[in-house]
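Student: Residue strings, one per chain:
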Amino acid sequence: MRVPSAVSVTENLNAPVGVAVVEYLRAVFGDNILHEQVTCDRIPTLWFAREDIQHALTLVREQSFAGKRFEMLLDLTAIDERVRVNRTGQPASEFTVVYHLMSFSGNSDLRLKVPLFDDDLHLPTATVLWPNANWYEREVWDMFGIRFDGHPNLYRLVLPPTWEGHALRKEHPARATEMDPFTLDDAQTDIQQEALKFKPEEWGMKRASEDSEFMFLNLGPNHPSVHGAFRIAVQLDGEILVDAVPDIGYHHRGAEKMGERQSWHTFIPYTDRIDYLGGVMNNLPYVMAVEKMAGIEVPERVKVIRVMLSEMFRICSHLLFYGTFAQDVGQLSPIFYMFVERERIFNIIESICGARMHPGWFRIGGVAQDLPQGWERRVRELLDFMPARLDEYDSMVLNNGILKRRTQGVGVYTTQEAFDWGVTGAGLRATGYEWDMRKQRPYSGYENFEFDVPIAVNGDCYDRCAVRVEEMRQSLRIIKQCVDNMPTGDYKSSHPLTTPPRKEKTMQDIETLINHFLSVSWGPVIPPNEVSMSIEATKGINSYYLISDGNTTSYRTRIRTPSFAHLQMIPAISRGFMVSDLIAIIASIDFVMADVDR
Amino acid sequence: MNWSLESAETAAAPQRGGSEMDEFIRRNVMMVKLEDMVAWGRKNSIWPFNFGLSCCYVEMATAFTSRHDLARFGAEVIRGTPRQADMIVIAGTVFRKMAPVVKQLYDQLLEPKWVISMGSCANSGGMYDIYSVVQGVDKFLPVDVYVSGCPPRPEALLQGLLLLQESIGKQRRPLSWVINEQGIIQREENQVQRVIRGPERIAATELRSPDEV
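For the protein sequence lines, the chains are A and B, in the order given.
Under my numbering, the first residue of the first sequence is numbered 1, with each subsequent residue one higher.
Under my numbering, the first residue of the second sequence is numbered 1, with each subsequent residue one higher.
Hints are computed from structural coordinates only; laboratory data are not their basis.
Take every hint as true, because none was put in to throw you off.
FRET-style restraints, in silico, Cβ to Cβ:
{"#": "1", "chain 1": "B", "residue 1": "R208", "chain 2": "A", "residue 2": "P527", "range": "34 to 42 Å"}
{"#": "2", "chain 1": "B", "residue 1": "P142", "chain 2": "A", "residue 2": "G409", "range": "47 to 55 Å"}
{"#": "3", "chain 1": "B", "residue 1": "R208", "chain 2": "A", "residue 2": "E376", "range": "13 to 21 Å"}
{"#": "4", "chain 1": "B", "residue 1": "G74", "chain 2": "A", "residue 2": "M215", "range": "33 to 41 Å"}
If you want the ones that stay clear, here's a sample from chain B, every Cβ over 10 Å from chain A, calculated:
{"#": "5", "residue": "I25"}
{"#": "6", "residue": "V29"}
{"#": "7", "residue": "V32"}
{"#": "8", "residue": "N44"}
{"#": "9", "residue": "S45"}
{"#": "10", "residue": "R72"}
{"#": "11", "residue": "R83"}
{"#": "12", "residue": "E111"}
{"#": "13", "residue": "G169"}
{"#": "14", "residue": "R172"}
{"#": "15", "residue": "E181"}
{"#": "16", "residue": "I184"}
{"#": "17", "residue": "Q186"}
{"#": "18", "residue": "E188"}
{"#": "19", "residue": "P199"}
{"#": "20", "residue": "E206"}
Glycine included, C-beta positions come from ideal geometry on N, C-alpha and C.
Bound-form chain A, shown alone:
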């Protein structure tokens, strides 16, 4: 039964694709659409029954709407709704599965939801439609205990195989100190190690083909070239890679569960550590999502400060990628040069924010404090210093013949494959598809900046590197415009939900003082709503999907990270290559394990 909403989901929707898809689904499903939910991010949100969801997803996947298609399954997650209070108008549900689809050609989003009940937690898989649904569904099984019928390998993805319970269910303890103390004796170590053992049969792999016996090579979870606590089991025929199984979860810090415990304000430092090379850029989608729910408009100066710092961190992250990429294919020295620039940028960041890697410096409704006196000089020094160095690196790395031979034509994928696997960011642009959130959906005032979106054509390891190198130049351009045109004004909004609120009037009247006290001690209360906010992060589209239940903490914090999607693609792009190519492919992806496992 369809519950009519007060406002239509298509009202105020400026994307014609969004209107077209909703009208199409209305025409096909009629009253079988359980509910049309209006959220403050204005993404059309339709509820379908379990019986209809696969049909609906198939139609969305295969049809075109106003001439445009929904190419990507951006995110797939679930919500434990059992203790949620503010669900007005939404169909009864204990666990809701959420599909977030994205149309790149039509620049539009669509959200589909399926209500489920605790005694009957299963629904059909979407892996037949989008290959990247595989890991997302495994994660939902791992975290919520929802089963996907027809999924090829529904094993735990993130938590250890020996884990009991499903961590994102509300009854699962959040704190380690609420659980039994952790011990690790020799017997325990053996049990855990045994559980982590790679068994090819579980993955439908044969140990031998007609003419050869396969070798299984285990890389990680600690290996110098897998960039962190990441493991990949490789099936080899001689030195040719037949198949690979990435194994993640060695870096799971429970950030989403943390979001349900920390106040809106005190969760900000945790976002820094999601993509730990992205620093304050991680704060941006989170604070913008909260600001959207709270209805805060930030001053122009705040926007420009945020852009400037985000771009500095983009350069820092790309420099680290650049150095390690060269190192992984055998060039040992470039990274020593590139860390010089990183140090220069960290010096600036430190003088502005007071910390190097994780400043946690953005605030709901502003930034932590105003720019210090003399900041321009330091930034200008960087702008003068860096372009020549980047040119030098071109001749050192990008024009190096050996590096070219190691990376050109290796790990190639097309734009279509990128869409199928949820690849965004430089990995998508390297296939020749021009898409950058900063251009397509400008946020934080990016529409006011002049910059280009670099693309490449071949979609191989080399191109992914070349795109990022050019992005650093564009970031410098943006930073220059920030210095030249830094607006004057406040560094935080005057909205009452700004945290911490402005202090000038607190000593003048009691009302402001009380508000200030509550906002600082308990944290702000954000009105009930749902919002999803995406940015072009260092590694691709980073999106925060927040649900407020009208409380001082978030009801559900979903963090869609680019690296998670990118890692899943490794087997598909590395089959048929050699082990040394696999290292180049892994390096070219530019992932951070905290960004994968969160």
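Use these hints to put chain B onto chain A, whose structure you have.
Tutor: Positioned in the frame of chain A, the structure of chain B alone reads:
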């Protein structure tokens, strides 16, 4: 053992009356107890294991690169396998899923071996009191030095390394399983840095304003 480098200009020239042989001995022969010599060697030739868990590893890598240059302290021979290393820096969060792996890697390090716990997560779980994180690596490994910070600056890691070296220099170990009593003899107790540096830190009354770079 007392030992220092001196530049060629300031080095004492051969004294009139002394034989060349005396000078040769003065410059090239040291009288020292074997166990002191070994301790000095251990102290100045730590081989760290290339091991990182999360954010802290980036700062640890920064300590290897040009500006901070760990090589100055004789601890730059980064090994890719634990079987060639004698020191592990637990750089980052210790996860429940990762803990048995860390334990195995530690077990494979060469004796004598040392552990630096780098950053709040490895020290105590830090800001991650969450189901998937072990609340400090000392729950299952013996730690020699704790470096605080989230993440610690590269300088902090260098200081931690120097403290570890100082401590190693004071340790005496049996030279073989047939010589001396077994077990580590710590010549002097390691002092708590909070106590040593407390007065100096408290003495700072005027802090630089954050309003200026």
